[in-house]
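A.B. asks: Dock the two chains into a complex; use the hints.
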Amino acid sequence: MCSRFLIETAVISVLALSGCGKGADSTTSSQSLATARDSTADVIDSALDPGVDHSLVTSNPHAATLLENPEAVQTGMRLFAQYNCNGCHSNGGGGMGPDLMDDEWIYGGRLEQIHQTIVQGRPNGMPSWGGKIPDEQIWQITAYVRSMSLPATLAAQNGPTPSQRPAPLPRDVDQDAGWAAPEDATNHYTTTTKGP
Amino acid sequence: MRSLAATLLLSSVSLALRAQTVPAPVPDNGVFTLKEIGHAIADPTPQAGRTMPSVANAPPDDGQWTMPSKNYASTRFSSQSEITPQNAKDLKVDFTFSLAVNKGQEAAPIIADNTLFVVTAYPNYVYALDLTKPGAPLKWIFAPKPAPASQGLACCDVVNRGGSYDKGKFIFDTLDGQVIALDAKTGTALWRVRLLNLSEGETMTMAPTVANGRVYVGNSGGEMGVRGWISALDEDNGKLVWKAFNTGPDKDVLIGADFKPFYDSERGADLGVKSWPPEAWKIGGGSVWGWVTYDAELNTLYHGTGNPGPWNAAQRPGDNKWTAGIFARDPATGAAHWFYQTSPHDEHDYDGINEQILLDMPFQGTMRKVLIHFDRNGFLYVIDRKSGQVLSADPFGPTNWARGIDLTTGQPIVNPEKSTRQGEDVRDICPTASGAKDWNPSSFSPDTGLLYIPHENMCMDKMDVKVNYIAGTPYVGAEVHMKPGPGGNRGELTAWDPVGRRPVWGIKENFPIWSGTVVTAGGLVFYGTMDGWFKAVDAHTGALAWRFKVDSGIISQPVSYRGPDGHQYIAVLSGVGGWSGAVVSGPVDPRDGTAALGMVNVMSDLPKYTTAGGTLYVFSLPH
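Sequences listed follow chains A and B, in order.
Residue 1 is where the first sequence starts when you use our numbering, and the numbers rise one by one after that.
Residue 1 is where the second sequence starts when you use our numbering, and the numbers rise one by one after that.
Only some residues are given here: those of chain B computed to face chain A with a beta carbon under 10 angstroms:
#1 P148
#2 S199
#3 E223
#4 N468
#5 Y469
#6 G472
#7 V476
#8 N510
#9 P587
#10 V588
#11 G593
#12 T594
#13 G598
#14 P607
#15 Y609
Label-pair ranges, simulated between beta-carbon atoms:
#16 I133/A x G423/B: 21 to 27 angstroms
#17 Q82/A x K274/B: 28 to 34 angstroms
#18 P123/A x K185/B: 32 to 38 angstroms
#19 G51/A x G423/B: 52 to 58 angstroms
#20 E136/A x G168/B: 57 to 63 angstroms
#21 E36/B x S128/A: 51 to 57 angstroms
#22 G195/A x A332/B: 51 to 57 angstroms
#23 E417/B x G195/A: 35 to 41 angstroms
#24 P170/A x E36/B: 54 to 60 angstroms
#25 P60/B x K132/A: 56 to 62 angstroms
#26 R192/B x L48/A: 33 to 39 angstroms
#27 I133/A x K167/B: 49 to 55 angstroms
EDC-like cross-link-like pairs, simulated, lysine to aspartate or glutamate; straight-line CA separation at most 20 angstroms:
#28 K92/B x D565/B
#29 K194/A x D605/B
#30 K132/A x E200/B
#31 K194/A x D551/B
It should be emphasised that the hints constitute simulated quantities derived from the structure, not laboratory data.
Every residue, glycine too, gets a C-beta built ideally from N, C-alpha and C.
In isolation and in its complexed conformation, chain B is listed as follows (with noise of 0.2 angstroms):
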């Protein structure tokens, strides 16, 4: 045994380290601010018409909610009105469900045939409530039994982000690569594949997009040096249909004929391959493990890109296309039509991944097609999304690796104090490498006008570092400290008027908001927070109409819906963990600053104000 002595050293060597405390803002006069680097190619035209979704993208409501962003065009609105600002106060839990798992949910719940539909983190279990009766008592549980060494292939915790339901199939993937298809009322699989190759390090997170016939999926693994990619599957059986890569030759990324890029920086041929040392694309990543749009009106398919791999900047010069930025592709065949990157040779882990949200938009006089991306680099897009012209490029959180996005070439303007070094410790990088804005995502109501945007405040300390590549293993190289930017609120939501390109009202938050936002016709944003608030405030001012504490920190995505008795309910899933909050569900020590990439260092003190947990919540107004 270990001597009395030594048994009260530990001690107190735990109690005094673990008292380490979150490390200072960075300054506010650390980062620039909007009028300094917020470009637009025309002033504001507001008159030009009003901002809405087409029919197309956004067909009315019909009280479900059957993929994550509700719509095609992303808009996560609820037409749903009866709860309002001045009733909030009355909202009641109508019924709660144990998801049986205390990791990260990032979930939206699906609403479809009156039933209730809900994909946990790892194992990955599928429920379904009959929302016919009174507590929604299951319908039927689906336990796909993923490879447990997938969970050591992670990055940031064991999360998915959920499923989709379309016609009378529920489609999801899980954590070691299956994409499953299960009938909706019986909860048997209809078709299941496998897509990954673990020993390479690629995992599954993603929520699938399924439209037009087909189901788009791409894998996670960008910190494995992982080769990403995006593939659409047959939805009738799962069948491979098409299947890109983001990086190597122009054979393997789809890019042939049809590829019209908008910027000199993104024409040539092989650039997957040129833009790398040699070999290097091989093992890059561009991964697909956010979110798949499909635009029902210009039948398009955008998503994001992941980072390039390893962090470590100075073991890949090179633009090391195709990743850090956002592809339009055919969804028929996967042909690339345009490609714009946020981020060349990123330094600092601003994977383009984020949402897409679909818009028509006043902008010089007319009425523009615009996809507004809000990306990990702290820049808001909105691009023309016929052509991938960069309309405007405005900062939305605290930004300093740039001053600017250049218009005429698309190119960021790079602030040369904030590249990292191979063995120099770069101080003060803002965004940090989660990015002013995380996969979390935004709304936009057409009744007000403003997308409302839930994002990070943080900054970092990052030091490249030598990495070798070794299959199955993290491919990194960077030692990052995470900090809180200026003012020290960790998080935000903001409420912002695209067209005005600027900011309405915001609220800071302690800790990053790390949950989506769902905005109704009833004029409420809901979101959750980290330490387990789930808030409901006004669309038009952010004055907070209602709040519930639940058991644990929120990080999935709300949603509303109409239930079988007509009225209204908010359904959200509590459990902290993800990339932030690993420090409370995963096996990490928050005296370890390095830990989970760098972000225990900014988030030590979460596991103060919550723990694990996994519980869905659906409240409603009495009734």
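This is chain A alone, in the form it adopts within the complex (with noise of 0.2 angstroms):
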């Protein structure tokens, strides 16, 4: 898949992206405000790219040392409580914070996304962590996070208390975090919540 193909690859140029999905068709202007983005190598932080494809992300190599690795989420859990990142998120269900075990993303599920928005906080009350505790933890603690939803970690659940055995993340698990639309017609961001 196209998409695969982008997240091995550190570096991406708007070429290499035009002749993937919607965008294939990109007028000049539109490629134009791209490659001012892709200079910048800023987070991607909204689902809105005005005149670009949106699959048009930045990869860190540091994102990719997380994948399929145990220690990762592993030490990650262990972070998560250790820097109280449970007292509002708790195990993934929220509760001062959102819950981090659906596979809804406000600011991004991508995994840099995830560091961005621990490094920088948000405005409607995430602490801004950055500077504040090594960037090799907040890597650790994104890892973790976004084992969070990944269906092995839910499978794993086993009573009221999620997110204890935490599954490494899969190779493919920034293709689709959230805020791209899925392609297939399985809607898999909708449930069902039947009446007593």
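C.D. replies: Structure representation (structure tokens):
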């Protein structure tokens, strides 16, 4: 798949993207917009990306070290408690802060986006941790946060305390992390709650 | 894109886990009975007089509802009698008004000068509606624009418990700790002060008490390692008159020569320091997020103090003064008169912040001036409010953490089986962390002599775990899983005879009752349920007289008033949320039982019954 190619490519060019998905017939002006974005190497926080193929994301080489890495998610789980993340997000179910075990990502669910949210903080109550704890640890917490909603992690839940056996992140974890609409007909964002 | 197989796997897992059911209730014999653990220093003497609030604390009803508690005595009794158990079936919606905020609405509508005032949950809009015109059109809206970051510091939804009207002003506070006095006619701010340090995790959710030219407010944040305090502001300009902390040295707590607690356990220099590990009092909680009661008769202020922090009790050996108890203070200076600690070295999050109802009550053959307090810890305390002596302490909800209160020492007789230990999951502790009853206030009718207690029937498993203090983040240190109490009904409305020390009738509710009650001279008690029923029941018998299904669950404080046309009206806010309703109003996943501090474990089915909302409803008889 085209997007699989993207995640394994550290340097992404606009030309490489242009053959991919909806952006195939981008206009010249949208390509120049995209070039500007690419050159700043900012992490994209929004699902709305005017004039550009939606699958354009930068890829941080650091994120790659978290993939298929059981130690990263285990360490992340320990740090998640150590830094009181669980005080707000519980064991993924939320409370003072949003839940992390479902597939909705307010500020993006790609590893870089999660990392950025932890580093920068967010206006509705998420503190900024950048510069306060080692960046390596923020990446490990990122891995655990992303693991909470993995099917394998959810399947390992036994009883009312989830996320205790976090599955390692699969190599394709960043390919659908809640900001791009799924291509297939199955809308797995939908849940049905039945009445009493 | 995620593969189709992965998609299907996720869907099936989600459905399986979302079907998680409410845990089994604690068995009937898992709690102590009233007979086993209720205590009083003397037998009832009902013949000595009739239980009533004093006129100073409950002046004749003028038909308005100017403060959430109705009067200083906090009876929440309305003298309006047009609506009765006989005609309540004819009650109709008179008008509604959307609050435009779908978070937990805990406030009481305030009625003064033919205007109805409402404060919403964050972002704390204030609406003023003109009751003299059909449909009660909007007079003004005030948007205080509190700091958005405060949303992430509020432990249990972004609630607000309402404002107060006094001398042409509407006074309220905001989640980020502003106290604001508005010109009630125009909605313009007369004064506005900010009292909090958000970076330390403080917020403000309580309803300010306005009395005697002062505004009394306190902080929230017992789950964030704040240091609790109460302040008095000048009602005319918002300037600070005094501030008392509830932990730390006596000079900070305003403990001085006037401090004469009844029990030995409250005596000694700087107990607010010495009853803690070194420095722990600085982050020890004891916030004032509940009710502050002004006693116009004895010129005294009473307020509870919140839980000690962190919840992990192993990190704070000692009594943890002055958390989880009740202070009596001088309203002018803040100087402490007495203190009584309801839960010394609290291990279960039993904040002492619930309301106090001030009554004159027969006891030991004479009329005594008492304060009635329904604590989170499950005991209903009758306290001599001059001396701070506990006259009786009876369980009104499921209780097994203590085998009663020793009334010679004032100390709870702690049941070691339900004491928490770091790293060990202690099962079936009753009541649960949110208490046998939380903040939502009771009412008292001088006609029936009964208290109408809206409360919970829930217990918990609690495992204390080590927690680090990081300013501005939660300081809890516990894994909690709540569950229903004996019988499985999670809520109950109990009519309680304070003189006879016994429940007279009760109504079991599926969900915890998180709304207040109001009782009327017409002989009705009104309350709301978390699944959205607004109910009127006979104050003498508890028989259901009327009910109406509103748009969202009710966790607010209903009121009764006389409109400009002379007719009786009942007003209430819908809008589920709060700690117990966060599973609906908050960004919370019902698959995590520990979510919302363990509340989700017992409330995971609430999304089947109600959705978030926020609407003012006003009811009356056809006329």
